[in-house]
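Read off the chains here:
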Amino acid sequence: MSSKKPLAVPPYIGAAYYPEDWPLAQIDEDVALMKEAGMNVMRVAEFAWACMEPEEGRYDFDWLHRAVDKLAEAGIATIMCTPSATPPVWLTETYPETLFVLQDGRPVGHGGRRHTCPNSPVYREFCRRIVMRMAEEFGKDERIIGWQIDNEVAPHTDPAVQGAFFGRSCTCRVCRMKFAKFLAERYGSIDALNEAWCLNLWSQKYDRFSQVPTPDPRVWHHPSLLAAWDEFSSQSYVGFVKFQADLLHGHTIHPIGTDMMPFHEVDHYDMVQSLDLVQFNHYNYREDFRSCTAWFDFLRPLKDRPFWNTESSTCWSGNTATSGYSYPGFCRANTWLPIAMGGEANLYWLWRTHWAGQELLHGSVLTTPGRPRHIFGEVQQTAREFVETADYLAETRPTQTGLGVHFGHHAYVTFRAQPGTWGLNYLNVFQEKCYQPLIRAQFRPDVIDPRADLSPYRLIFSPVLASLDHGALRDRLRAWIEAGGVWVAGPLTDIRTFDGAKYRHAPFSVLEEWGGVYCKCQLPGHPMAFQMDWADGSECEGSLTFDAFEARDAEVLATYTQHELTGLAAATRRRMGKGQVIVLGTMPSAEMLVRLLTDLGREADVAPVCAATENVLVVPRDGGGGAGAVVVELDNKPGSVTLPRPGVDLLTGAATSGTVEVPPYGVSVVRYA
Amino acid sequence: MSSKKPLAVPPYIGAAYYPEDWPLAQIDEDVALMKEAGMNVMRVAEFAWACMEPEEGRYDFDWLHRAVDKLAEAGIATIMCTPSATPPVWLTETYPETLFVLQDGRPVGHGGRRHTCPNSPVYREFCRRIVMRMAEEFGKDERIIGWQIDNEVAPHTDPAVQGAFFGRSCTCRVCRMKFAKFLAERYGSIDALNEAWCLNLWSQKYDRFSQVPTPDPRVWHHPSLLAAWDEFSSQSYVGFVKFQADLLHGHTIHPIGTDMMPFHEVDHYDMVQSLDLVQFNHYNYREDFRSCTAWFDFLRPLKDRPFWNTESSTCWSGNTATSGYSYPGFCRANTWLPIAMGGEANLYWLWRTHWAGQELLHGSVLTTPGRPRHIFGEVQQTAREFVETADYLAETRPTQTGLGVHFGHHAYVTFRAQPGTWGLNYLNVFQEKCYQPLIRAQFRPDVIDPRADLSPYRLIFSPVLASLDHGALRDRLRAWIEAGGVWVAGPLTDIRTFDGAKYRHAPFSVLEEWGGVYCKCQLPGHPMAFQMDWADGSECEGSLTFDAFEARDAEVLATYTQHELTGLAAATRRRMGKGQVIVLGTMPSAEMLVRLLTDLGREADVAPVCAATENVLVVPRDGGGGAGAVVVELDNKPGSVTLPRPGVDLLTGAATSGTVEVPPYGVSVVRYA
Amino acid sequence: MSSKKPLAVPPYIGAAYYPEDWPLAQIDEDVALMKEAGMNVMRVAEFAWACMEPEEGRYDFDWLHRAVDKLAEAGIATIMCTPSATPPVWLTETYPETLFVLQDGRPVGHGGRRHTCPNSPVYREFCRRIVMRMAEEFGKDERIIGWQIDNEVAPHTDPAVQGAFFGRSCTCRVCRMKFAKFLAERYGSIDALNEAWCLNLWSQKYDRFSQVPTPDPRVWHHPSLLAAWDEFSSQSYVGFVKFQADLLHGHTIHPIGTDMMPFHEVDHYDMVQSLDLVQFNHYNYREDFRSCTAWFDFLRPLKDRPFWNTESSTCWSGNTATSGYSYPGFCRANTWLPIAMGGEANLYWLWRTHWAGQELLHGSVLTTPGRPRHIFGEVQQTAREFVETADYLAETRPTQTGLGVHFGHHAYVTFRAQPGTWGLNYLNVFQEKCYQPLIRAQFRPDVIDPRADLSPYRLIFSPVLASLDHGALRDRLRAWIEAGGVWVAGPLTDIRTFDGAKYRHAPFSVLEEWGGVYCKCQLPGHPMAFQMDWADGSECEGSLTFDAFEARDAEVLATYTQHELTGLAAATRRRMGKGQVIVLGTMPSAEMLVRLLTDLGREADVAPVCAATENVLVVPRDGGGGAGAVVVELDNKPGSVTLPRPGVDLLTGAATSGTVEVPPYGVSVVRYA
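Residue numbers (the numbering used here), protein chains in the order written: chain A, 1 to 673; chain B, 1 to 673; chain C, 1 to 673.
Hint data in this document are derived by calculation from the structure and do not stem from the laboratory. Treat the hints with caution; some may be incorrect.
Since the list can't tell identical chains apart, any single copy or any two copies may satisfy a pair.
Claimed, not checked - Subject to a maximum C-alpha distance of 30 Å in a straight line, what follows is the list of computed DSSO-like cross-link-like pairs (lysine-lysine):
hint	residue 1	residue 2
1	K520	K70
2	K520	K637
3	K433	K5
4	K35	K520
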């Protein structure tokens, strides 16, 4: 719409900025320091409803225009946020029906965040008004590069429940009615729900959808109910964001997203359908720094557009207390990581630490009195590096290697409601047992939701994927395998219907048929772990579960060697059409998993991208800018990578080739010659 | 009433079967597999109210008759259950006053189990109707061998309270009124209650019974109130079961029981008064497998009729998650154990794992798709062995050895309300410190409630028995001792009134007088443990508590040797009439406890039943079938037993004599020559 | 008012006595044993409201007069208590608006203690009546030596919240209104509150004081709100006690106090303003025995009158369970300790263990049946020693050494709301890192509230003192330093406004200016600890926080040596007027802290009182009775003290001089020659 040169170009580096929390006059000092830091984008307004609408129907955007102006004058673009996470006190006081009602039946009041019901029509009306007014004010402003709707939408996390990490959804009258409607739409008739959930059991069956309760922590609930409630809860927030996105789409020229967290309480795949952009917040440090990689590999394929890492910390998290120290180099590596893995933005939370409030101990770029923190030099360096490599990064994308790994919301809510093995945590299992072994071995997968298109992949690993019923995956998988795909299934895959019930004809829907096996024995993953021998003479211990098979029309890859399982197969392979089905009855050791995928990859044309020590992440790129790679060290240890071709390190300008040392938290951007 | 041969004879082996949860046609497959497994009894209908009365007043028993028919056709008898643990949704929706009200004042809704008030007259009326209809349908059916009322009656277990193992009772208006009535009946006047509980203290005293609160977890309550509430709670469930038993007794030809768990929240002794049969469920594995023995020794004397083990698992427990693997042989040993100890039935929970719901990970005989689990062969073997030994078992009973050990509900609720020593758990203390040492040494006690008749016993051990006020025990004990009984009392015995108050004249009601001792010093059981020397030169460390005595008219058996206790007696003996009173001021080590009872047993004609390693349980039998013994290995280790006489192992047909090896989880049934 | 010789003279030794809980006739036996024990004072009536006013408006004091009479006849004085912690059941039943309302909105009912609202005007009216009646009965009675108002006033501790040690305040309608009023009085306008708390943040700002919520554990609240609520809560209880004290002051001849616990939930400094006496209860044993010393050093300067230790146990605490054994000598040392440190009374809780109720396992002087406990001899010995040293103790006071250490309620509530570093516990940090190192090194400080007069001190250590805004401390400190005071500030000192906000111009209000430093880097206290080098060549590791400075106009005392902090100052010194400001950026090791204060003390004329092993407490005394010291061993280990001058041990009558051995839990009272 404009021929003007944009204020800022990717990679974006910036921070969350809260001008409303500081004296008006301070903005010049802040902007000067942002320039000194090298920043080109700021995210504003996400919690500022009370400043924008100090009383019902009276709006004030002067302060916000002034902030956008001041930033733009300094060449800094703005990301504009809708403030629906934090309504003003007059709103919830005047319209208490907008409040979030916890499972104890009592509303959660003013004083924190996220204390309103995502389904409340009254709340949505007030959101409509503020969003439309913001669109009027800023929807055509070319100094703005995008919108963020709300902030970290998710059910209420109850600080009173010790160890409560996961949230609870609103149980107000509206939500209860909408939940009944959700079930009615899913099942059609109450008899169908009773049948799908086996509700003769314990005389649980219902006569009407309105009888189905929302979960009460005091009741021993049915896992299918709990999972349905989690699905409904996710859809409530997805619907709330879509409601705002639909409003904005008609009135802005900018792409729209919502910043989500590395959890599955709200369905990322579902959420981004109504949005233009994937936005993501993470707060990982040190030990769990590398767990970000799984999320970036998950975010990248969600949209055909680079994602934005909208929040991460420069050094540590904090609320009214803090902890944490990240060694030198962490801030730079952390800033580079999303860019390396296919994003185009990294914003810190936050620019300047709050001078009061619930998060006054959080890490930042500047301290409260405006002094550069110890990481300031790393921020500056990274900002410079972004400028220097911007052209190459713009002209290339991470290389698609043909390997997909399944991971998703449906499996998460299913295993949350029924872990199967005591203590099983889907996110941890995925990270530690399924994904990280591949990354350490330099596989470069896409992490994909079961609803995702399978065609980009030649080898797909589907571990701990409770159901193939989701997104018609079973049929799409069958076609993909028969056309030549190599599918590694299990353990704990294809074990449940969409509703979290078991199949009654077999332990799996199709895995026995496709895999040419018959499950003879099933033992839990604890406390006993069983050994297996592999065809190549190796042996290892399984974990998670122990399904043991007769290989009726399959090649045996590994055989159990203990107790009742002795002689039964732990892993098998069968040709199916032009493809293959590999069945895992238990989770092999990391070493044997990598060996298996490496062997299978030879037939599927999928391979590790290069040789490197396991602490080093290598992301090959290709495109108009020429082949190359971004290299990031993840574990704060020395490492090395063997470059497949000679090239130039764009960060140093030096020629590079062969086996190259990578220092702790080191970063390189190599363009091959 | 009938001359027909019964469908099945003991020992019964079977399972819980839920035909309502499966396709109608599947019953034939199930019944065929039951036969293959060797089963002769199935337990049905316990949660099936919604199928029997799908709407108020409309009944459907066709499906249940069909199940009884199909089973009977295959020679399998039925145990019929009343479904009062799980009302249909229409009932609690239409009559919400039937719902269980938790201590937060909010009712617990539909969706789990046990969410109704045991005292609700409205609920009882609906129970009356369904029970009477069931009695009409099945009360005279000779293919049925017994009734189970409800299932695992007990207060509500609140999953929201972390670590909440024990339940909370209903606090609805009816229960509050009945609690006041319960107190009024117990105390007669409010002044008597105030006096019994010392309620001048903290100005707690009441003017009327209706002022006495039900416990609120937010209040620091009086232990006598808490214990009274537990008693009331127990009586509520006892009354609820009796209500159903009284209805059934007029209309059935079968014996009636209710299946209870290995806890003391509901008073077993009280409960069985209105019943014909003792029924029992347990889920013990591996380490805690042997703890069943205490319960079986407790159940056996409750009725002059073999008890039924109505539930135990073949391999592991599970709800929406599971864990556990029991080594080969466990299933057989576990199935034999109740039979060995005087029962006549073992039923598994469950026949076929549910295909959905709150317990879809539980162990079973068949997996959900109907495949035999790894323990199927052990089930078959045990079933065959039951048939082979049925005649011998029917003609004999476990031998009464003259040793009784006190254990009961009143001590449980007293110590629950006032543990005395921080962390003291009555059940664990009884098992680990009092009972198991005797079992490992091959004593074969009856475990008896304080209300039980003392006449079968020559030696009684009463450890941790808070009060002698219960069941007029003090007077009965005195007579029994004076007539020649040997009583081993303490530690922590005779320390409280029936109401949980202390005596004011002495630390005990009569123990000082009967024992000829004067308690000079009392120290807690933690953190310091004190040593004692025994008369024979041995020494050991005490535990639980440290009461130290001057022996004024008593023989000193052990003397403390440390700090303030030095020189005071830890254990004493005094003749009283023709009998003896042994006072324990602390719990001796297992070794010294066994040595003491062995010495005392010489005079009381009580002795270990034979020599055997401590992992082996030997249960002598006698009766028309001839003397013999059942031997079960409990700890999955090799062991041995020295048979007192040569005999024949009825399971192998082989002659056996002398010291015989017992393999891990081994079982033998020996009839002496 | 009377010329009669008082019934008893200090040091007082006695116990809590509850005649209302025992048969009337028993009092003679009790009194005889009190005399045998050597006691000269008993504390009565604290929970006996229901006996004093059995129904509304009907009073009965006969039983209480009789108790005072019987005690006095035996020469035992009485401390009289008001019973407002435990209202009779008729009161809360008839006037339920007096009940304490927890944060869940539900009142806490009868059956425990402290279940009424301190702000309820109805409750206060009933308190007025009973207090006035007690004053009529006992206000002029010369056999009474003082009053205790209520008992351990503090917010409600909720036993249902696991690990809940700290209380929750009433949230009834009255309290909510009074909280709004409290805020209005503090801030004047709602805009001022919004500004002070930075409430644009998260759109938290309020339009009216009545909108400010009381804390809800389900909400992520603002730390300034939480701290304000804690202040309000404290003031509610302070006001409640003052209300009673004001009533009593007009009608009694005795000094008035209220017995408080070693916590800061209620502000001790604030509380004693309306009172005559400091009263204190503690229950420390073994490991934490020495933590009492900090409290006694805090209590002593609160009033120019010796404090009373109104409760401590002879041997162990207990409710319905107990644990604990204290080695021989503990009871005597524990009884002497408050006397040694400037008190004039030690009373045990309790005289005779209750025979029922919530605390029937508590340690005492007599067991329930009235037998002397194992510590009886120590009580007798200590009572004799009190008599023998009474004259000397009366004529001397602990010596003021010129050293003050800041400690107080405001810092407590600030750090409770915002710990700063995860897990930081203000009380523990003060004890372990700030105070005990000084005590072990034989410094003898006053522990002072920030509002206290600074003039008695030449050296003041102010660690972890969040704000200088409290009690106008900043201005008073400035004057004191300029006049010659040596101030050791930090770490974590001067970091917050009175409201718990940060300063915006610098990390501190004045510390940089006064200290001549500029804070370049701030890192959290965990998980990494940084090393520092001291000017004398020593090195140590810091803790709590890491503030690192450029010394712009200051002497560097210690320099960090690691990572980003390398070369920056960890501790500095600057002259200011005639005084000095020492800034600590982190907490040094105990050894280096002591070395620093020793060096600084040379200039400030502050020094350890003598040489002694660190387990020995030496409290010098001076006054008309002559110089001397009381010595107490705290850690149950052998120790020694080097007396500065020869003297006489008044407990043995023996001459003593030079280096003297102190046995475990040993006590000496030395008067120098």
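Here is what the structure says about each hint:
1. K520 x K70: Between. Shortest inter-copy distance 28 Å satisfies the 30 Å Cα cut-off; intra-copy 70 Å does not.
2. K520 x K637: Between copies only: 28 Å across, 46 Å inside.
3. K433 x K5: Classified as neither: same-chain Cα gap 47 Å, cross-chain 59 Å, threshold 30 Å.
4. K35 x K520: between (66 Å within a copy, 20 Å between copies)
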